[in-house]
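A.B. asks: Sequence:
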Amino acid sequence: CSAIDACETSNGGCSDKAECRKTTPGNRVCICNAGYTGDGVVCIEINPCLENNGGCDRNAECTQTGPNQAVCNCLKGYSGDGKRCTYISLCSQNNGGCSEFAICNDTELTERTCTCRRNYVGDGFKCRGNIYQELLRDSNTSRFYFHLEALSIKDIAGPGPFTLFVPHTDVLNSNPQVSKKAGSFQIETPCSAASQLLCSLLQVRDWLAKGEMAQILRYHMVGCASLLYSNLKTVRNVTSLHGDQIQITYSQNSVYLNNKAEIIFSDVVGTNGVIHIINQILVP
1051 CSAIDACETS
1061 NGGCSDKAEC
1071 RKTTPGNRVC
1081 ICNAGYTGDG
1091 VVCIEINPCL
1101 ENNGGCDRNA
1111 ECTQTGPNQA
1121 VCNCLKGYSG
1131 DGKRCTYISL
1141 CSQNNGGCSE
1151 FAICNDTELT
1161 ERTCTCRRNY
1171 VGDGFKCRGN
1181 IYQELLRDSN
1191 TSRFYFHLEA
1201 LSIKDIAGPG
1211 PFTLFVPHTD
1221 VLNSNPQVSK
1231 KAGSFQIETP
1241 CSAASQLLCS
1251 LLQVRDWLAK
1261 GEMAQILRYH
1271 MVGCASLLYS
1281 NLKTVRNVTS
1291 LHGDQIQITY
1301 SQNSVYLNNK
1311 AEIIFSDVVG
1321 TNGVIHIINQ
1331 ILVP
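Numbering (our numbering), first residue to last: 1051 to 1334.
Check each hint, because a few of them may be wrong.
In silico BS3-like pairs for lysine-lysine, Cα to Cα no more than 27 angstroms straight-line [as the list claims (entries may be wrong)]: (1) Lys1204 <-> Lys1260; (2) Lys1204 <-> Lys1126; (3) Lys1283 <-> Lys1260; (4) Lys1204 <-> Lys1176.
FRET-style restraints, in silico, Cβ to Cβ [unchecked claim]: (5) Thr1165 <-> Lys1133: 32 to 38 angstroms; (6) Phe1175 <-> Asn1083: 31 to 37 angstroms; (7) Ser1139 <-> Ala1084: 39 to 45 angstroms; (8) Ser1316 <-> Asn1144: 27 to 33 angstroms; (9) Asp1294 <-> Glu1158: 52 to 58 angstroms; (10) Thr1165 <-> Tyr1279: 42 to 48 angstroms.
Hints listed in this document are in silico derivations from the structure and should not be mistaken for laboratory results.
Just so it is clear, the structure is predicted and the values come from calculations on it, not from any experiment.
The C-beta atom is built at its ideal place from N, Cα and C for all residues, glycine as well.
Working from the sequences, and respecting the hints, build out all of it.
C.D. replies: What follows is the structure, encoded as structure tokens:
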């Protein structure tokens, strides 16, 4: 007689995820393989994520990858190896995408608010100071700013409100520079303009030479009013800081000043007024 091997046929009736072990002749025990649990006849894959989040951080996601195997990945808004996850402040990088003149505040996971700082206006993503400051920040208006600086004109740095009509930089591109000589300021105006703008540039140089540029610049400023483009459509004239009036007309979906200069960019709103960019110099 020979001993019967209970495991010889069909794995002894054990699960295919189990090991059949002979004990005594005709008897056996079924033991689930590593990563499985059960009585050996029935073996179920162990999911480690079901208990204590698989050992992952509470701010991580546990994902089963195999029998009793899992990986941990930090949730959005956190960084780390999954076993330990640290909150990432959205505001810690690039001010959270807010303006450099805004305050970034973390509110919820993956959320933040942007609020313009004191003395700035905007939606938090774009914040503007007073219109005198904004002139320098825009290449389309920076030349006007340099002329104001060269002539020490600070009218629009006050509380306002003001409306400013700024000739595009190309029209004013006479590049004024200030050099101090014997206690006074002298304007140096090298001219390197394109031919189509030569007339305007020669005018600028002539006004500078005659000391008339300050009055020309003030003719582009309107006090006691912050007039948006929509307002200008219905206004017929305004009085400049120079003292002379500027005629305003609305024709063919465009606003014109003195029937010549067209507003080509509009409504750059600052804390003390608004800037409109025009394609010609206004002459009183």
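A.B. asks: Now, for every hint given, state plainly whether the structure supports it.
C.D. replies: Results of checking the hints against the structure:
no.: 1; hint: Lys1204 <-> Lys1260; verdict: holds (21 angstroms)
no.: 2; hint: Lys1204 <-> Lys1126; verdict: violated (49 angstroms)
no.: 3; hint: Lys1283 <-> Lys1260; verdict: violated (35 angstroms)
no.: 4; hint: Lys1204 <-> Lys1176; verdict: holds (24 angstroms)
no.: 5; hint: Thr1165 <-> Lys1133: 32 to 38 angstroms; verdict: holds (36 angstroms)
no.: 6; hint: Phe1175 <-> Asn1083: 31 to 37 angstroms; verdict: violated (57 angstroms)
no.: 7; hint: Ser1139 <-> Ala1084: 39 to 45 angstroms; verdict: holds (42 angstroms)
no.: 8; hint: Ser1316 <-> Asn1144: 27 to 33 angstroms; verdict: holds (29 angstroms)
no.: 9; hint: Asp1294 <-> Glu1158: 52 to 58 angstroms; verdict: holds (55 angstroms)
no.: 10; hint: Thr1165 <-> Tyr1279: 42 to 48 angstroms; verdict: violated (26 angstroms)
In summary, the numbered hints that this structure violates are 2, 3, 6 and 10.
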